[in-house]
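Engineer: So the chains spell out like this:
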Amino acid sequence: MKLDRRGFIGAGVATAATLSAPMVLAGGHKPNVVVIGGGAGGATAARYIAKDSEGAINVTLIEPTRTYYTCFFSNLYIGGFRDFASIGHTYGTLAAEYDINVVHDWAIGVDRDAKTVTLAGGAMVPYDALIISPGIDFVEGAVPGWSVETQNAMPHAYKAGSQTQLLKAQIESMPQGGTFAMVAPPNPFRCPPGPYERVSMVASLLQGSNPTAKILIVDPKEKFSKQSLFEEAWSKHYSGMIERVGPDFGGANVEVRPDAMEVVIDGEVEKVDVCNVIPAQKAGLIAEIAGVTEGNWAPVTAQEMRSKIDENIYVLGDASQQGDMPKSGFSANSQAKVCAMAVRAALTGSAAFPARFSNTCWSLLAADDGVKVGAQYEATPEKIARTSGFISNTGEDDALRAQTYQESVGWYEGITTDMFG
Amino acid sequence: MHIGIKGLAAVSIAFWALPATAEQNIEAGAEAFRKCSACHMVGEDAANRSGPVLNGILGRPLAARQDYPYYSDAMQRAAAGGLVWDIEHLELFIENPKSLISGTTMMFGGISDPEERGHLIAFLGQFSDGMADIPEVLPARDPVVSPEILAIEGDPAYGEYLSGECVICHQLDGSNDGIPAIVGWLPEDFVIALHAYKSGYRTNEVMVMTAQGLSDEEIAALAAYFETLGETFE
Ligand SMILES: Cc1cc2nc3c(=O)[nH]c(=O)nc-3n(C[C@H](O)[C@H](O)[C@H](O)COP(=O)(O)OP(=O)(O)OC[C@H]3O[C@@H](n4cnc5c(N)ncnc54)[C@H](O)[C@@H]3O)c2cc1C
Chain A
3 MKLDRRGFIG
13 AGVATAATLS
23 APMVLAGGHK
33 PNVVVIGGGA
43 GGATAARYIA
53 KDSEGAINVT
63 LIEPTRTYYT
73 CFFSNLYIGG
83 FRDFASIGHT
93 YGTLAAEYDI
103 NVVHDWAIGV
113 DRDAKTVTLA
123 GGAMVPYDAL
133 IISPGIDFVE
143 GAVPGWSVET
153 QNAMPHAYKA
163 GSQTQLLKAQ
173 IESMPQGGTF
183 AMVAPPNPFR
193 CPPGPYERVS
203 MVASLLQGSN
213 PTAKILIVDP
223 KEKFSKQSLF
233 EEAWSKHYSG
243 MIERVGPDFG
253 GANVEVRPDA
263 MEVVIDGEVE
273 KVDVCNVIPA
283 QKAGLIAEIA
293 GVTEGNWAPV
303 TAQEMRSKID
313 ENIYVLGDAS
323 QQGDMPKSGF
333 SANSQAKVCA
343 MAVRAALTGS
353 AAFPARFSNT
363 CWSLLAADDG
373 VKVGAQYEAT
383 PEKIARTSGF
393 ISNTGEDDAL
403 RAQTYQESVG
413 WYEGITTDMF
423 G
Chain B
3 MHIGIKGLAA
13 VSIAFWALPA
23 TAEQNIEAGA
33 EAFRKCSACH
43 MVGEDAANRS
53 GPVLNGILGR
63 PLAARQDYPY
73 YSDAMQRAAA
83 GGLVWDIEHL
93 ELFIENPKSL
103 ISGTTMMFGG
113 ISDPEERGHL
123 IAFLGQFSDG
133 MADIPEVLPA
143 RDPVVSPEIL
153 AIEGDPAYGE
163 YLSGECVICH
173 QLDGSNDGIP
183 AIVGWLPEDF
193 VIALHAYKSG
203 YRTNEVMVMT
213 AQGLSDEEIA
223 ALAAYFETLG
233 ETFE
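As they're listed, the protein sequences go chains A and B.
When we follow my numbering, the leftmost residue of the first sequence carries the number 3, and every step to the right adds one.
When we follow my numbering, the leftmost residue of the second sequence carries the number 3, and every step to the right adds one.
If you are wondering where the hints come from, they were derived from the structure by calculation, not from laboratory data.
C-beta atoms are modelled at their ideal positions from N, C-alpha and C, and glycine is treated no differently.
It is possible that part of the hints are untrue.
[What the hints assert, rightly or not] In silico negatives: residues of chain B with every beta carbon more than 12 Å from chain A:
hint : residue
1    : A22
2    : H42
3    : R79
4    : A80
5    : P99
6    : S114
7    : I136
8    : C171
9    : N178
[Claimed, not checked] Estimated spans, in silico, between C-beta atoms of each pair:
hint : chain 1 : residue 1 : chain 2 : residue 2 : range
10   : A       : S390      : B       : I151      : 19 to 25 Å
11   : A       : S390      : B       : T23       : 42 to 48 Å
12   : A       : P249      : B       : G84       : 33 to 39 Å
13   : B       : E150      : A       : T389      : 39 to 45 Å
14   : A       : T389      : B       : G84       : 21 to 27 Å
15   : A       : T389      : B       : Q78       : 58 to 64 Å
16   : B       : S148      : A       : Q229      : 24 to 30 Å
17   : B       : V139      : A       : S241      : 49 to 55 Å
18   : A       : K32       : B       : S148      : 35 to 41 Å
19   : B       : E155      : A       : S390      : 51 to 57 Å
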């Protein structure tokens with residue numbers, strides 16, 4: 003069955019290669035691939051295309067920040083299990099060893115007819131294939147009272163970097179017995195267990211320095227990822243500290259007042275000391291500017307991560323609407339490899355193999371208490387569809403949980419090496 | 003023959019209660035144990051040598067002897083994953099240690115004759131509780147990897163693409179922290195390890211899921227690719 007699928011896909015790719023070959027020959031130039039966004043999706047895609055095409059493709063990576071701080075493990079930084087420098091990564095190896103043209107700038111426009119990307123600095127970068135992996139932006143007005151202008155009073159810390167440092171500093175200076183509130187996002191959003199891992203890490207931090215502090219989660223969702231595992235851990239490690247207000251009690255009807263540090267839940271005003279607002283999300287703005295979004299996300303084919311709106315554009319990671327995969331770094335990395343292969347095949351006629359996708363998300367609940375959830379996926383004509391999966395069990399023994407945490411540390415080293423070389 | 007191991011007296015009541023075939027099995031197992039005795043002791047005065055004492059092995063979790071300090075990382079990982087030396091896993095390990103524990107430091111080529119493995123387990127069973135549960139003839143099972151599967155020639159180019167799924171966790175420089183190294187293996191060991199996950203003898207959920215998503219050809223392709231990556235050593 004697998005072999006049939008492979009044969010079929012091989013045939014499809016041959017067509018794509020034939021179509022693109024004349025362009026490459028007629029132009030007489032080396033094909034140009036431009037990647038917008040040097041995160042989990044973009045850095046991986048750029049690296050794999052450069053590595054595997056062995057100089058046959060020019061790769062340009064556009065990324066404004068010189069140091070990319072991973073969102074993954076940023077909660078562990080908040081909890082005090084990682085230092086900040088350990089989650090920062092630079093692009094030196096991608097430039098020096100993989101010959102990727104790394105441009106530290108913002109992409110501000112995409113001309114799909116001329117096939118060029120405009121940078122904030124004014125440059126125009128031509129492409130034969132464009133890969134967009136800009137992560138997320140926030141839906142305006144999603145949480146009444148909150149906007150990116152007020153993000154320093156009530157940080158989201160959902161793009162890692164100074165926001166993450168700010169949130170940790172605010173938690174550390176909370177008064178004894180104070181309240182940390184989190185406004186959790188509605189589905190779909192980046193990293194489904196992320197807010198709840200964060201709560202665990204905040205609790206772990208407070209338990210040491212501020213044991214009478216309270217944590218209040220205001221959540222518009224009925225249910226959340228790994229819920230039974232989180233809830234078990236919260237009562238085991240942080241008994242009495244964490245309260246969650248779900249939609250039945252007004253969790254979906256929330257407003258914030260950053261000036262007064264107030265959260266209004268279903269009309270009731272709560273005074274809080276720190277407020278972490280994680281608003282509803284959408285594809286990073288540049289995807290919208292490029293015109294490849296429908297609603298909040300950018301629809302793509304499952305087989306190649308190719309935009310359903312423009313065949314010269316591919317969208318990866320959080321910004322894409324692909325089907326069943328959660329928006330995670332692992333997913334973005336997995337999608338990037340499929341996309342890199344498809345792009346190379348289209349531009350140079352190299353071999354293409356069936357798309358394969360997988361994801362595992364580890365979460366840390368407390369010191370040496372790690373859990374994981376994972377699944378595998380296949381490309382169907384409609385979407386990336388889940389085929390199988392697993393989740394850690396409640397009641398697992400300490401040795402297994404400690405090992406699961408160690409595994410996540412190994413994974414972190416693995417994925418960051420896979421992204422940045 | 004007489005079994006030259008002290009401590010038999012303690013279990014002699016049970017021993018005499020056994021049917022004749024069981025007794026023969028144990029005797030044959032004592033003979034087979036010579037292959038192990040350079041490194042392992044068993045019985046009343048047994049002490050750890052380069053391998054741990056095997057008293058109580060049946061039914062015990064892996065890597066569980068507190069007084070034995072040399073368990074490999076790989077063995078300890080498998081232990082944390084919840085593996086227990088039940089008959090099934092012990093038998094598998096004796097057949098080919100690397101099918102269960104890829105990085106084991108037990109340098110042993112394995113016992114390919116299923117009958118001999120049964121005898122050895124019957125022998126070891128005397129020094130463990132629960133010997134009554136040891137069947138006279140171990141249930142037949144399919145090999146972890148059939149010769150046909152082992153003979154598949156993998157396509158390294160396909161393996162390189164598939165390896166994208168491995169290297170998100172496993173590092174090609176052979177780093178072994180948290181996630182085990184998988185470079186420098188013999189292709190056969192690679193194939194056997196993945197099939198042991200696929201059939202559920204090994205327990206890590208991520209690996210079981212990954213292996214179950216791979217066809218026999220895909221596993222061969224991965225082994226072929228990883229073989230190209232570096233010095234293969236035993
Ligand atoms: C708290 C938290 C914990 C998480 N934990 C995990 C975890 O344990 N495991 C896991 O797998 N995932 C985790 N994630 C999710 C993971 O971080 C994201 O899913 C992943 O980063 C998505 O990759 P991406 O390429 O889509 O976007 P990103 O990695 O965010 O990369 C996007 C990049 O694009 C750049 N960019 C944006 N706009 C432009 C533009 N106009 N021009 C140029 N560049 C631009 C940005 O600067 C950024 O560097 C977590 C997320 C959070 C918030």
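Engineer: Now look at each hint and say whether the structure bears it out.
Structural biologist: Each hint, compared with the structure:
1. A22: Holds: least Cβ distance 42 Å, greater than 12 Å.
2. H42: 24 Å, holds
3. R79: 6 Å, violated
4. A80: 10 Å, violated
5. P99: Nearest chain A Cβ is 21 Å from P99/B, so the label holds.
6. S114: At roughly 31 Å from the nearest Cβ of chain A, S114/B sits farther out than 12 Å, so the non-interface label holds.
7. I136: 27 Å, holds
8. C171: 4 Å, violated
9. N178: 9 Å, violated
10. S390/A x I151/B: 19 to 25 Å: Holds - the Cβ-Cβ distance for S390/A and I151/B, about 21 Å, lies within 19 to 25 Å.
11. S390/A x T23/B: 42 to 48 Å: Once the Cβ atoms are compared, 43 Å apart, the range 42 to 48 Å for T23/B and S390/A holds.
12. P249/A x G84/B: 33 to 39 Å: Because 37 Å falls inside the window, the suggested range holds.
13. E150/B x T389/A: 39 to 45 Å: 26 Å, violated
14. T389/A x G84/B: 21 to 27 Å: 25 Å, holds
15. T389/A x Q78/B: 58 to 64 Å: Taking Cβ atoms as reference, T389/A and Q78/B lie about 32 Å apart, which means the hint is violated.
16. S148/B x Q229/A: 24 to 30 Å: Violated - the Cβ-Cβ distance for S148/B and Q229/A, about 42 Å, lies outside 24 to 30 Å.
17. V139/B x S241/A: 49 to 55 Å: 53 Å, holds
18. K32/A x S148/B: 35 to 41 Å: 47 Å, violated
19. E155/B x S390/A: 51 to 57 Å: 28 Å, violated
Hint check: violations occur at hints 3, 4, 8, 9, 13, 15, 16, 18, 19; the rest are consistent with the structure.
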